[in-house]
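*Asks:* One letter stands for each residue in the lines below.
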Amino acid sequence: MGLAAAMLLPLAACGGGSTSTTTKAADNGETAATTAGDSATAGTETAGNTTAANVDTSKFVTITMLVLGNKPSNGRMEAALAAENEIYKEKINAELQLQYIEWTDWQTNYQLTLASGDGSVDLIGTATDWLYAWQMVQKGAFLPLDATMLQTYAPTTYEEVGEDWDLCTKDGSIWFIPEDQYTQWTNHGIYYRGDWATEAGLDTITNFDQLGQYFQYIVDNKEGVIPWDVSGANNTGGLLGGYLGSNLEITTILGVDPAIFTYNNDDPYTVTSPYMDGDTLVEAAKLFKQWSEAGYWREDVLNYTGDSRDQMYAGKSGADQHHTQTYVTTTRPIMDEKQPGSDLQFFYWGEENNNVTRDLKTHGAMAVSASSPNPERALMLYDILRNDETAYRLHNYGIEGTDYIVTDDNKLDHPEGYDASTDALDTNFWYGRMDAYELDQASWYEGRSELFEELDSKAHDYALTKFAFDPTNVQTEIAALTEVYNQYIPSLAYGKVDDPEASVTEFRNALKSAGYETVLAEVQKQLDELKASEG
Amino acid sequence: MKHQDSSMVVIKTISYIFIGLFAIFCLIPFLMMVSGSFSSEEVIITKGLWILPRQFSTEAYKLAFASPKLLLGSYALTITLTVCGTSLGLFLISMTGYALQRRDFFLRNKISFFIYFTTLFSGGLAPTYLWMSKYLHLKDNYLAVFLPLLMSPWLIFLMKNFIKSIPFEITESGKIDGAGDFRIFVSLILPTLKPALATVGLFLALSYWNEWYNAMLYLSNKSYYPLQYFLYRIINMANYLKQSTAGAQVTVGNLPSNTLKMATAVLATGPIVFLYPFVQKYFISGMTIGAVKG
Amino acid sequence: MMTKTKTETLQLNVHKVTLRTKLSRNRTLILMCLPAIVFFIIFNYIPMPGAYIAFTDFNYNKGIFGSRFVGFKNFEFLFNSGKLWQLTRNTILYNLAFIFLGNALQIIIALMLNSILSKSFRKVSQTLLFLPYFISAVLVGFMVYALFNYDYGFINGLLKNMGKEPISFYSKPGVWPVIIIVANLWQSTGYGSIVYFAALCGIDQSLIEAARIDGANGAQVIRYILLPSLKSTAIILILFSLGGIMKGNFGLFYNIVGTANANLQPMTDIIELYVYRTLINQFNFPYSTAAGLYQSIFGFIIVNIANAVVRKIDPEYALF
Chain L
1 MGLAAAMLLP LAACGGGSTS TTTKAADNGE TAATTAGDSA TAGTETAGNT TAANVDTSKF
61 VTITMLVLGN KPSNGRMEAA LAAENEIYKE KINAELQLQY IEWTDWQTNY QLTLASGDGS
121 VDLIGTATDW LYAWQMVQKG AFLPLDATML QTYAPTTYEE VGEDWDLCTK DGSIWFIPED
181 QYTQWTNHGI YYRGDWATEA GLDTITNFDQ LGQYFQYIVD NKEGVIPWDV SGANNTGGLL
241 GGYLGSNLEI TTILGVDPAI FTYNNDDPYT VTSPYMDGDT LVEAAKLFKQ WSEAGYWRED
301 VLNYTGDSRD QMYAGKSGAD QHHTQTYVTT TRPIMDEKQP GSDLQFFYWG EENNNVTRDL
361 KTHGAMAVSA SSPNPERALM LYDILRNDET AYRLHNYGIE GTDYIVTDDN KLDHPEGYDA
421 STDALDTNFW YGRMDAYELD QASWYEGRSE LFEELDSKAH DYALTKFAFD PTNVQTEIAA
481 LTEVYNQYIP SLAYGKVDDP EASVTEFRNA LKSAGYETVL AEVQKQLDEL KASEG
Chain B
1 MKHQDSSMVV IKTISYIFIG LFAIFCLIPF LMMVSGSFSS EEVIITKGLW ILPRQFSTEA
61 YKLAFASPKL LLGSYALTIT LTVCGTSLGL FLISMTGYAL QRRDFFLRNK ISFFIYFTTL
121 FSGGLAPTYL WMSKYLHLKD NYLAVFLPLL MSPWLIFLMK NFIKSIPFEI TESGKIDGAG
181 DFRIFVSLIL PTLKPALATV GLFLALSYWN EWYNAMLYLS NKSYYPLQYF LYRIINMANY
241 LKQSTAGAQV TVGNLPSNTL KMATAVLATG PIVFLYPFVQ KYFISGMTIG AVKG
Chain G
1 MMTKTKTETL QLNVHKVTLR TKLSRNRTLI LMCLPAIVFF IIFNYIPMPG AYIAFTDFNY
61 NKGIFGSRFV GFKNFEFLFN SGKLWQLTRN TILYNLAFIF LGNALQIIIA LMLNSILSKS
121 FRKVSQTLLF LPYFISAVLV GFMVYALFNY DYGFINGLLK NMGKEPISFY SKPGVWPVII
181 IVANLWQSTG YGSIVYFAAL CGIDQSLIEA ARIDGANGAQ VIRYILLPSL KSTAIILILF
241 SLGGIMKGNF GLFYNIVGTA NANLQPMTDI IELYVYRTLI NQFNFPYSTA AGLYQSIFGF
301 IIVNIANAVV RKIDPEYALF
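Protein chains in written order, with our numbering: chain L, 1 to 535; chain B, 1 to 294; chain G, 1 to 320.
Some hints could be false.
Derived CB-CB ranges, DEER-like [as the list claims (entries may be wrong)]:
| no. | chain 1 | residue 1 | chain 2 | residue 2 | range |
| --- | --- | --- | --- | --- | --- |
| 1 | L | 294 | B | 28 | 48 to 58 Å |
| 2 | L | 219 | G | 182 | 32 to 42 Å |
| 3 | B | 143 | G | 104 | 38 to 48 Å |
| 4 | G | 88 | B | 278 | 54 to 64 Å |
| 5 | L | 435 | B | 62 | 19 to 29 Å |
| 6 | G | 223 | B | 16 | 17 to 27 Å |
| 7 | L | 444 | G | 88 | 52 to 62 Å |
| 8 | B | 143 | L | 277 | 48 to 58 Å |
| 9 | L | 518 | G | 88 | 22 to 32 Å |
| 10 | B | 167 | G | 212 | 30 to 40 Å |
| 11 | G | 88 | L | 58 | 56 to 66 Å |
| 12 | L | 222 | B | 143 | 43 to 53 Å |
Here are the computed lysine-lysine pairs in the DSSO-like style, where the Cα-Cα straight-line distance is at most 27 Å [stated by the list, open to error]:
| no. | chain 1 | residue 1 | chain 2 | residue 2 |
| --- | --- | --- | --- | --- |
| 13 | G | 172 | B | 110 |
| 14 | L | 289 | L | 512 |
| 15 | B | 242 | L | 316 |
To spell it out: a stretch of chain B is covered by chain L in this simulated footprint if at least three of its residues, at any positions, have a beta carbon under 8 Å from a beta carbon of chain L; those stretches are [claimed, not checked]:
| no. | region |
| --- | --- |
| 16 | 13 to 24 |
| 17 | 161 to 171 |
| 18 | 220 to 229 |
Source of the hints: derived by calculation from the structure; they are not laboratory data.
We put the beta carbon where it would ideally sit given N, CA and C, even for glycine.
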């Protein structure tokens with residue numbers, strides 16, 4: 001209790017200081033000056049008796065949630081949000097607004113927005129793998145939470161997360177709320193057209209040789225189609241990571257930048273790197289140079305900025321690269337509609353050597369911004385969004401009858417005339433979905449459960465969920481390594497080098513002089529510590 | 001000048017040829033863009049760009065105007081920014097320039113250097129970004145685009161030099177009539193500044209019209225963007241291209257994306273190019289007096 | 001005559017009066033400068049101390065001055081990465097090319113324009129030359145892509161028409177310095193030549209007439225009258241651009257090369273792109289700021305040296 005009070009005091013100061021920017025929605029005539037202090041007091045008082053009902057919500061506030069994705073322009077998101085906000089208004093006297101980080105330069109904009117710490121954001125969508133949650137913790141972007149706070153302001157969420165809080169705890173504080181009640185597969189791979197593969201004499205594609213044959217068939221027989229019309233600017237690693245994972249029993253260690261450090265699946269506590277050791281990288285570089293010269297992607301792939309998925313929908317690209325979830329929910333159904341008979345298939349990395357990792361429970365998570373003027377209300381709002389079925393469906397599916405309908409067999413469908421490519425809701429809430437409130441969609445690929453079962457039979461858990469790498473001691477080296485990685489990998493991955501073998505050697509020498517050994521040793525040291533602490 | 005010597009003939013011939021060629025060299029990329037925008041997508045993909053449309057088509061423009069909300073919004077925004085920024089900037093720059101060239105102003109050298117120093121040293125990208133977003137709260141605010149372009153040391157310098165060429169007697173006579181410095185500036189000096197205002201105004205208008213960098217840094221959740229950043233997004237974000245044509249009945253993926261990009265480029269650049277003939281007359285004399293007599 | 005004496009007495013008085021009276025006498029003028037002073041304080045001076053980030057392990061929540069001081073640790077990486085030399089070299093060489101090739105071409109074109117008597121030809125060509133100056137860096141980048149891309153580029157279309165193999169420009173780092181320099185000249189020559197041409201227009205025609213009568217031919221007029229008259233303009237323009245020698249026309253490079261095609265980097269990377277990329281790829285405020293600070297300080301030293309040299313030769317032309 002004392003801790004909670006101590007923590008809320010600086011918040012009160014924070015809120016008081018920046019009220020001018022956050023009270024623009026204060027339409028109920030409350031004076032801004034009293035509130036910040038009030039809510040802090042309220043927090044202290046109620047900290048003991050664990051209900052949010054006693055929290056002072058007399059001042060109307062707007063909670064801003066940072067999400068990834070392109071802001072939709074069809075007006076549907078705003079309409080659904082307005083309906084949803086009625087609920088928040090009534091229950092906690094607050095409203096929700098979304099701030100989008102667009103996909104173009106999303107990493108930059110995400111980081112810059114967090115870095116500015118200007119109090120304009122309350123809730124931050126994050127993830128320990130693709131959104132660098134632990135790095136953000138280290139940089140001070142998130143507000144440290146604790147059990148008392150969560151029990152007070154987000155009691156339902158607190159209960160259901162249970163022991164998974166461990167995954168979000170470091171240095172005695174809880175830093176984010178995991179999306180741990182949601183099943184998904186976000187393992188990557190490449191989509192290819194079943195009809196063309198059959199024409200090419202391939203039953204299915206389960207390895208890179210076959211993928212090469214498929215691409216070659218397209219070059220030879222499909223005039224005007226680029227086998228994989230990828231944009232190097234938007235997909236820097238290309239097929240390289242997939243190739244390594246499909247040929248070696250390794251898993252990438254998350255949270256270490258650049259993502260070149262791995263563990264062997266039978267020994268998670270020893271760090272290795274196929275980027276430095278072994279011949280696989282050389283093989284890959286040679287293969288991709290061959291593919292590049294054979295025209296499997298554009299000559300200008302590194303400067304091309306088109307959208308390979310749209311090209312695939314239009315029948316102009318023979319492949320697209322993303323993960324299972326996208327395949328099942330989006331690309332397969334849309335291809336069935338736009339290219340009937342295309343029979344889009346999914347070749348996932350690790351299919352040939354059974355090297356598939358299950359999703360992290362923190363592949364999505366929600367954090368409270370360290371500079372949020374209203375962290376209590378933000379938590380309360382999140383608790384409702386996550387656990388109130390009406391709010392949840394309004395947020396994720398929109399308005400029933402306009403955005404979606406529920407079919408007789410309790411599946412989600414869309415009304416007549418709905419076009420997924422222009423009418424999508426796009427609220428992009430990937431930071432606290434709940435299996436309990438999710439509806440299967442009528443449009444989803446019907447082979448979904450089979451695919452999930454197959455994946456489940458092959459997959460293993462990520463072994464280092466508790467490993468939160470602390471880069472403090474090797475920041476200089478990490479920066480230099482990242483620079484080297486970004487310089488060499490795109491050209492290696494798309495075969496834009498004269499001599500693959502020499503380029504790999506050059507890349508490895510550059511890594512070494514950038515301090516590879518030092519970082520490797522530091523990762524190993526921290527892995528040893530983790531192993532020791534786990535006994 | 002009637003007696004032509006042989007060296008002059010050679011020089012002239014070379015001049016005509018060289019200038020002519022250079023002018024064509026300057027023009028070709030524009031021709032290529034315009035003709036590309038009026039070509040069919042198919043011919044561009046199969047045969048490449050050319051300086052004349054090989055298969056005339058207005059499809060790209062039809063598509064750009066099929067649901068022109070984003071484009072027109074960008075136009076309105078850019079025109080507003082350019083007009084407001086140029087007028088306010090001109091006023092502030094000429095006012096500063098006037099004060100700084102007054103030889104009876106004992107602080108003029110100090111203030112001049114204060115301004116000039118900013119071209120020598122800067123805090124850099126990251127600190128500026130933090131200052132603008134965290135403290136000035138200009139993130140996602142059009143002022144982040146509007147304010148930083150209002151003045152530049154170079155334009156103040158240019159204006160100052162120009163005003164210097166105006167006889168000091170004008171100021172003197174104003175003083176004798178009992179007018180204050182500001183009155184003198186507004187009613188006696190400003191009216192004589194036409195060429196300088198045209199010159200500096202053109203620079204200001206260009207910098208506002210062509211602004212994309214601050215927009216890229218500071219604007220991300222807006223419905224409308226300044227034209228050049230709009231163009232940047234059309235060129236670099238397949239998704240935005242799609243959005244800008246939402247409502248047009250074209251299958252996604254069948255968008256004539258290349259010609260559409262070029263049509264947008266033409267539309268985004270056209271108006272400012274047509275501004276030049278109107279200010280050309282003043283521009284050369286403005287440059288003569290302002291830049292040359294350092 | 002009257003006015004002149006008056007000014008003199010006025011200036012004489014100025015020396016005797018106290019600061020207070022000086023301030024009150026110039027009150028309006030000070031007020032007139034105030035918007036500009038405030039402007040430069042807000043947008044230029046206040047961010048300067050922010051460069052302190054370069055010496056900290058910047059923490060988002062603690063802010064610039066609350067973060068831990070780490071000394072020169074962040075600069076170590078600049079030196080260790082081995083990039084520093086490449087970046088500095090590229091930045092300076094590109095700028096030297098821009099400045100000296102640019103000014104030479106501008107002067108030549110101004111002289112040529114001056115020798116052309118047909119007014120309409122001059123006006124039309126001037127307008128065409130000036131045209132590229134009107135477009136944004138975004139469009140320049142797009143035009144370069146439209147000219148040089150492999151699939152439908154203008155140049156490759158030309159090559160294909162002539163029955164030659166198309167060239168993959170975006171995989172050949174060596175051609176990019178040429179492309180970038182030409183693009184820069186393409187965009188700035190028209191404008192620069194107008195400045196020089198304006199200087200030529202300002203020359204007293206009687207000087208030229210007198211030389212003619214003394215029997216000077218066209219080439220001699222150019223050599224002995226026109227060229228020397230451009231000296232002051234050239235020095236001012238070059239000095240001004242030297243001030244930015246460590247800056248690299250970010251927009252041009254960013255839009256032409258982009259940040260994804262690392263293949264071209266050895267030939268096209270400049271400090272400003274690096275500063276930007278460090279922010280994008282590594283979200284590293286301290287390193288980015290350190291690189292920026294290096295750029296600022298180096299540039300500051302260069303312009304001071306240049307200015308000192310000019311001052312020594314002829315104080316008239318010194319910038320400060």
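*Asks:* Now tell me if each hint is right for this structure.
*Replies:* Here is how each hint holds up against the structure:
Checked against the given bound of 48 to 58 Å, the beta carbons of residue 294 of chain L and residue 28 of chain B, roughly 34 Å apart, lie outside it. The hinted window of 32 to 42 Å between residue 219 of chain L and residue 182 of chain G holds, with their beta carbons roughly 35 Å apart. For the pair residue 143 of chain B and residue 104 of chain G, the beta carbons lie near 41 Å from each other, so the given range of 38 to 48 Å is met. Residue 88 of chain G and residue 278 of chain B have their C-beta atoms about 43 Å apart, which leaves the hinted 54 to 64 Å range violated.
Take residue 435 of chain L and residue 62 of chain B: their Cβ atoms lie about 47 Å apart, and the range 19 to 29 Å is violated. Remark: the range hint 17 to 27 Å for residue 223 of chain G to residue 16 of chain B is upheld by a beta-carbon distance near 21 Å. Between residue 444 of chain L and residue 88 of chain G the beta carbons are some 55 Å apart, a value that agrees with the proposed interval 52 to 62 Å. Checked against the given bound of 48 to 58 Å, the beta carbons of residue 143 of chain B and residue 277 of chain L, roughly 53 Å apart, stay inside it.
Distance hint check for residue 518 of chain L and residue 88 of chain G: the Cβ-Cβ separation is about 25 Å, which falls inside the suggested range of 22 to 32 Å. Between residue 167 of chain B and residue 212 of chain G the beta carbon distance is about 32 Å. The supplied range of 30 to 40 Å therefore holds. About 60 Å separates the C-beta atoms of residue 88 of chain G and residue 58 of chain L, a value consistent with the hinted range of 56 to 66 Å. A beta carbon spacing of about 51 Å between residue 222 of chain L and residue 143 of chain B agrees with the range 43 to 53 Å that was offered as a hint.
Restraint check: the Cα-Cα separation between residue 172 of chain G and residue 110 of chain B comes to about 50 Å, which exceeds 27 Å; the hinted pair is violated. For the suggested pair residue 289 of chain L and residue 512 of chain L, the alpha carbons sit about 24 Å apart, so the restraint of at most 27 Å is met. Between residue 242 of chain B and residue 316 of chain L, the direct Cα distance comes to roughly 16 Å. Compliance with the 27 Å bound is thereby established for this hinted pair. By the rule of at least three residues with a Cβ nearer than 8 Å to a Cβ of chain L, the coverage given for the region 13 to 24 of chain B is violated, with 0 such residues.
Counting residues of the region 161 to 171 of chain B whose C-beta sits closer than 8 Å to any C-beta of chain L gives 0, which falls short of three, so the coverage hint is violated. Only residues whose C-beta sits within less than 8 Å of a C-beta in chain L count toward coverage, and the region 220 to 229 of chain B has 3 of them, enough to reach three; the restraint holds.
Checked against the numbered hints given earlier, this structure breaks hints 1, 4, 5, 13, 16, 17; the rest are met.
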